[in-house]
Every structure is written in structure tokens, then in C-alpha cells.
Amino acid sequence: MRLIDSKVLQEVRVVGFESGCRSKERLLQLGIVPGVILKIKRLAPFAGPLIVSIEGSDVVLGRGIAKKIIVEEI
Amino acid sequence: MKIALIGQPNCGKSTIFNQLAGYKSISANFPGATVSYTIGKFYFQNKSIELVDLPGTYSLSWYDDAEKESVKALASMDFDCIINVLDASTITRGLELTLELISLDKPMVVALNMMDEAKKKGIEIDISKLEDSIGVKVIPVIAKQAKGIKDLISAALTAQKPIKRCIYSKRLESFIESLEQCLKSQATTLILPPKLIAIKAIEGFSACEEIVSWYPKCQDLLETTRVLLNNGAEITKERHALCLDIFEYSAKVKDSKGLPISEKIDEILLHPIWGYVSLFLIFIAIFFIVFEGGSPFESLIDKFFSFTDEYLQSNIHNAFLLSLIKGAIDGIGAAIGIALPYLVPFFVILSILEDSGYLSRIAFLMDSLMHKIGVHGTSVIPFIMGYGCSVPAVMATRIIRDKREKFISAFLATLIPCAARTTVIMGLVAFFIGPVYAILLYLLNLVVIGIAGTILKKILPGISPEILFDIPPYRTPTLKTTIIKTWYRIKDFVYVAIPLLVGGSIVLSLIDYFNFAKYINYVFAPFMELLGLPVAIGIVLIFGIFKKELTLLMLAQALGLSSISAVSKMLSVEQIFVFTIFVMFYIPCLATISTLYREIRLKGTILITVSSVLIATVLAFIAHLIFLVI
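Read top to bottom, the protein sequences are chains A and B.
Following this note's numbering, the numbering of the first sequence begins with 1 at its first residue and continues without gaps.
Following this note's numbering, the numbering of the second sequence begins with 1 at its first residue and continues without gaps.
Possibly wrong hints are sitting among the right ones.
Claimed, not checked - Negatives, chain A to chain B, calculated, CB over 10 Å:
hint	residue
1	Arg-2
2	Asp-5
3	Ser-6
4	Gln-10
5	Glu-11
6	Glu-18
7	Glu-72
8	Glu-73
Unchecked claim - According to the in silico footprint, chain B covers these stretches of chain A (three or more CB under 8 Å from chain B):
hint	stretch
9	31-40
10	54-63
These are calculated hints, taken from the structure and not from any lab test.
Even for Gly, the Cβ is constructed at its ideal location relative to N, Cα and C.
All chains should be built: construct the whole structure from the sequences, respecting the hints.
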């Protein structure tokens with residue numbers, strides 16, 4: 001499953017990234033590392049970005065990036 | 001003694017710096033507030049200390065220009081000690097950088113900042129356990145309240161190198177070690193410690209990979225290592241796991257009660273409908289506060305001018321001296337009476353906006369719209385800084401990684417009316433015609449930026465990258481910081497703009513006295529005629545290139561009026577509009593041009609400068625035509 005397909009406030013575990021994810025380095029730096037649990041907190045309207053809650057901090061990421069993060073339900 | 005402050009974005013480095021070295025580094029509550037390093041000197045226990053505030057970086061592998069600056073400074077300046085600032089409330093993420101810094105093998109102290117916020121989140125950290133697990137001295141601080149800052153500096157003076165040399169598992173360390181040894185034997189000088197280069201190259205950080213590729217033997221080793229370690233992902237994973245272990249060992253998390261206030265505020269401010277309504281209302285409120293704060297003074301200053309005018313006329317009989325002194329007094333009066341009253345409330349509000357944490361939330365709300373003009377939400381930061389001053393706005397584009405997007409952001413940020421141009425809009429249009437018309441001008445400005453962005457997006461090929469940053473928590477701006485920060489920004493106006501204004505005023509008086517004006521006006525006449533403006537204003541526009549405030553403040557003088565309130569008698573409503581529209585867009589001031597040159601080089605600077613004059617002329621001309629028809 002991709003992160004973008006998960007429901008708001010549903011906790012999921014990061015499995016990996018799709019190839020061609022240009023922001024992978026930054027995602028890793030922000031703590032979005034395979035194995036961590038995160039959840040979508042909020043979606044911006046007009047196909048805007050989403051806020052993801054991870055280990056106590058909030059990260060904003062674009063939908064395109066959320067499409068390239070592979071997650072699994074827990 | 002030279003000490004570096006390094007840490008992840010928005011962990012409070014600048015706040016610590018300002019507590020020690022005096023307010024020199026603008027602090028704010030969003031990641032990427034500091035984009036270049038600031039050096040401060042102070043004495044502690046009779047020792048002279050040089051403290052360097054570096055831009056925040058998530059990791060030593062940089063991602064944008066601000067982070068690159070940080071790592072470059074860390075490698076090139078010979079620091080005696082590193083203070084690693086760690087945000088206690090997001091400690092797991094922050095530890096990643098700490099672990100990387102340990103491999104620099106330099107004397108080091110950890111400043112565990114925001115202990116109060118961590119407590120609110122229910123995180124309690126056992127300092128000695130944390131010291132134990134990372135092998136570095138840890139000092140708890142609350143930088144905002146100056147708590148623990150002295151202990152921090154004492155600790156920095158006696159700091160030791162990290163005790164632990166090996167932090168990864170034996171298997172990883174042996175891979176890192178062999179690459180490190182290879183680099184040591186092959187390379188004579190390296191800009192970074194070989195161990196760090198080895199780790200970062202295995203992880204696949206391109207700048208370090210490049211360094212390794214200069215040594216063919218090491219390059220072969222790197223390639224095989226990367227294959228064995230799953231493209232280096234094992235290091236990243238292990239470091240993250242290590243951070244979690246350290247956190248679990250040294251911290252306790254209690255359940256915090258209920259929904260934090262911050263979440264409740266976000267329910268409204270980030271709401272799909274109310275979020276935008278609030279945003280709009282906040283901006284309208286800011287406009288009226290600035291207008292209501294400034295306009296009474298503008299009426300007052302009129303009395304001052306007529307008083308001094310009469311006094312000078314009756315007491316000084318030497319015409320040359322009279323015009324000289326009158327020029328100087330008009331300059332000071334205009335600066336203090338017209339510009340300052342609008343600037344002060346504006347900078348207070350900007351400071352509150354920056355420190356509250358709202359800016360990053362605007363970026364979230366506006367991201368989708370910003371994509372239409374070739375940038376993404378992050379550019380909200382340089383744009384809003386642009387309402388203050390174009391110089392920091394252009395510098396703030398360093399947090400934008402993509403070159404094309406950086407250029408578009410810098411271009412559009414210079415079109416935003418800075419505080420100086422706001423004094424013109426407020427002092428002329430809002431004051432003489434009405435505040436609603438001034439709001440219309442701000443909206444016109446946004447429309448022009450939208451169109452310019454859409455065109456730039458079309459001309460410059462490329463895909464715009466997506467938004468990605470962490471949202472800071474809401475924080476209550478402190479009165480002290482707000483005052484100091486406002487003064488820090490006003491200082492530039494007092495020390496640079498006022499002397500320029502007085503000088504300019506005197507020059508203008510002299511030009512008048514010696515009857516030079518007609519030659520200058522002769523050059524400008526065709527252009528001014530095109531826009532339907534009085535020829536005498538031409539010279540004011542030249543002064544405006546130095547500082548935009550001058551266009552308003554010298555207007556009365558250039559028109560031969562005794563005070564600004566008489567402007568409405570000399571200029572029609574139409575001319576005030578045309579003039580203000582022209583000033584709102586034309587040519588960035590000299591300070592902005594030099595900053596543009598530093599950030600986006602010559603070609604981009606010329607392009608922006610020329611386009612801004614074109615945009616200004618075309619719009620002013622259209623406005624003139626519209627008024628002709630009406």
C-alpha cells in the first residue's frame with residue numbers, strides 16, 4: 001500500500017520507497033525510515049500536501065512524495 | 001577560542017547565540033530561519049570567545065544551500081569546540097546528527113534545549129544516562145529563558161573529545177574502518193575527516209562519493225561495500241535504530257493529557273475552509289494595524305513641517321544656507337514622522353508571525369496554489385519575509401533546493417512590496433485616497449506575482465519538486481524577543497536610511513538652488529510624460545534605487561512643497577496611483593541587487609532588474625490609460 005492510500009489517522013508502518021523518489025534523503029533525515037510507524041494527520045484541500053505525524057513531530061509532504069512511500073497496515 | 005553552534009533546523013541555535021553574543025542572528029520559529037552563519041564575540045571568565053551560529057542542518061550530508069554552508073563552515077573553520085544543540089522534544093531525530101558529529105572527533109558538548117517543551121510533551125530525559133550512551137557531556141538548557149546558558153559555556157571551555165569512537169555494530173564499523181584507512185593512505189588532504197567521508201560515501205551522499213572517486217583504489221572498495229550493505233541503507237537503518245535505543249534507555253514518556261492546545265488551534269487554522277478564512281482575516285487585520293498605527297503620525301508631522309518652515313524662513317536669511325538646513329530638517333522629519341510610524345507596527349507583527357510558528361502552516365495551506373506559479377509551499381517563507389525586506393527574502397531562498405525554483409522564488413519575492421514600499425502605499429494611497437484602495441493595490445500586486453510566476457513556470461522548463469519539511473509547534477512569542485527583533489530591523493532604517501535621506505534631501509535642495517533640476521528633468525521628461533506624471537518626480541525615482549522609502553519622503557520636496565500633506569494638491573488621484581504602482585514594482589534597491597547577485601549570479605540578477613522596470617512601466621502606463629478613459 002502507498003502512504004497516500006492510507007486513511008487519515010490510521011497508523012501504518014513504513015516499508016520502503018519506490019525508486020525515483022527524489023526526496024528520499026530528506027525523508028530519511030526527517031525520520032521517515034523503513035520500520036517506523038506514522039499516520040496521516042491532515043490533508044490540505046485542492047490536492048495539497050498532507051501532514052504526517054511521526055515520533056512526536058509533524059512533517060508536511062506533498063502528495064507526489066506520499067505516493068512513493070510504501071507502507072503496510074499494522 | 002572558537003566555538004560552533006550546530007544542530008537541526010529550529011532547535012534554538014540562534015536563540016542561544018543571541019543570549020551570549022547579543023542580538024545579531026535573527027531567530028524565528030520555522031526551520032531554515034538562519035541561512036548564513038553569524039559570528040559573535042564575547043568574554044567569559046576573562047576568555048575571549050568567538051561563537052559561530054551555523055544554519056540548521058538535519059545531517060552532515062547537505063540537502064540545500066543553507067545546509068551546505070553549515071557543513072562547509074564546519075569543515076573549513078578550525079573550531080576548538082562544537083556545541084551540538086539538541087531539541088529535547090524531538091530528540092530521536094536530533095540524535096542522528098549528534099551521532100554524525102561524534103565521528104568528527106572534536107571536543108564537543110550537547111546543549112539539550114527546550115527542556116520545558118519536552119516536559120509538556122511528557123518526555124523526561126535522564127541526563128546522566130544520555131551522557132553515558134553517547135559519551136558526550138550534556139547540559140540541559142532552556143535558551144528562551146537563558147536557563148543553563150552559563151553552564152553550557154563553562155562546559156564548552158573544558159570540553160573533551162567524544163569517548164566513544166565506534167558507534168555502529170562491529171560489522172559496519174569494520175567496513176567503515178577499511179574505507180577510512182584506504183582514504184588515509186591515498187589522500188593527503190581531505191576537507192572532512194576520512195571517517196565521516198567513508199560513512200557518508202557508503203550511505204550514497206553524492207558529494208562524499210565524489211571525493212572517494214578521486215582515488216581509484218578506494219572507489220573500488222566503496223563499490224563493493226555499497227553492494228554488501230544494501231546500497232548503504234544498513235548504515236542509515238542502524239543509526240536510526242541506535243537513536244531509538246538511546247531514547248528508550250535515557251528517556252521516559254508519560255501520557256500527556258488530552259489534545260494539546262496546538263492541535264486545537266490547528267483544527268481551525270489548518271481547516272479546509274476556516275484555515276483560508278483565518279488567513280485572509282489575519283492579513284486584513286495586519287494591514288489595518290499598520291495603517292491605523294502609522295497614519296495619525298503622518299497627519300501630525302504636517303504641523304511640524306509648517307512650524308519649522310516658518311521658523312527657518314524668518315531666521316535664516318542666507319538663501320543657500322536656508323535651502324541646505326531645510327533639506328536636512330525635511331529629511332529627518334520625513335523619516336521619523338512618516339516612515340517609522342508605519343515600519344514599527346509592521347516589524348512587530350512580522351516578528352510575532354515568525355515566532356508563533358504560523359508561517360510554516362501558511363506554507364501548508366498555500367502549497368497547492370504555489371505549484372501553479374512554479375514554486376511550492378516552502379516559498380511562502382521568502383515571500384512573507386519579502387513584506388519586511390527584500391534582502392532577507394532573497395537570502396531565504398537558500399532553503400529552496402531546486403535551482404529553477406530558487407530563481408523563480410527570488411524573482412517573485414523582489415516583486416513583493418517590502419516595508420519601504422509599504423510606507424509609500426500607506427503614506428500616499430491609503431492616507432490620501434483611502435485604505436480600501438491600498439488593499440486593492442496589494443491584491444493587484446498578488447495578481448501580478450501570480451501572472452509573473454505562471455509565465456516563469458512556462459518559460460523555464462523543469463518539474464517543481466514537492467513540499468517536504470517539518471512543522472514547528474506553536475510557541476508564544478516573548479515580549480523581549482519581539483522588542484529586540486523589531487529594534488534589530490529598525491536599526492538598519494535609522495543608521496542607513498535616515499543618513500541617506502538627509503543626504504539626499506540636501507542634494508535635492510542644492511540641485512534646486514543651483515537650478516540643475518531642469519537638466520535632469522529634461523532626460524526624464526519623455527518617460528514621465530508617458531506615464532502622465534509631473535516631470536519633477538523623475539529625480540525622486542533615481543533616489544529610490546538607493547532606498548525605496550526615499551521616493552515618498554522626497555516627493556514633497558521635489559514638487560517644491562513645504563510638506564507631504566500638500567502632495568494631494570499637486571498630484572491628482574490618478575497620478576498618486578500611477579506613481580505608487582510604478583514604485584511598487586520598479587527596480588530592486590541596491591542592497592537587494594547585490595544580494596541577488598550573491599544568490600543567483602549575474603544573469604539572473606540582470607533579468608530580474610530589467611523585468612521589474614518593464615513590469616512597473618507597463619502597469620503604470622496601463623493605469624494611466626485606464627484613468628484617461630475614465
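Status of each hint after checking the structure:
Interface exclusion of Arg-2 (chain A) from chain B stands, the closest Cβ pair being 14 Å apart, more than 10 Å. At roughly 17 Å from the closest C-beta of chain B, the C-beta of Asp-5 (chain A) stays outside 10 Å, upholding its exclusion from the interface. Residue-level check passed: Ser-6 (chain A) sits 18 Å from the nearest beta carbon of chain B, beyond 10 Å. Remark: the non-interface label on Gln-10 (chain A) is consistent with the geometry, its nearest Cβ contact in chain B lying 17 Å away (cut-off 10 Å).
Against the 10 Å criterion, Glu-11 (chain A) stays outside the reach of chain B, whose nearest CB is about 16 Å from its own CB. A cut-off of 10 Å between C-beta atoms confirms that Glu-18 (chain A) is not in contact with chain B; the least separation is 14 Å. With 10 Å as the threshold on Cβ separation, the claim that Glu-72 (chain A) sits away from chain B holds: the shortest Cβ distance comes to roughly 17 Å. Taking the minimum C-beta to C-beta distance to chain B, about 21 Å, the non-interface status of Glu-73 (chain A) holds against the 10 Å cut.
Using a Cβ-Cβ cut-off of 8 Å, 5 residues of the stretch 31-40 of chain A lie near chain B, which meets the minimum of three, so the contact claim holds. With a threshold of 8 Å between beta carbons, the proposed coverage of the stretch 54-63 of chain A by chain B holds, since 9 of its residues qualify and at least three are required.
In summary, this structure violates none of the numbered hints.
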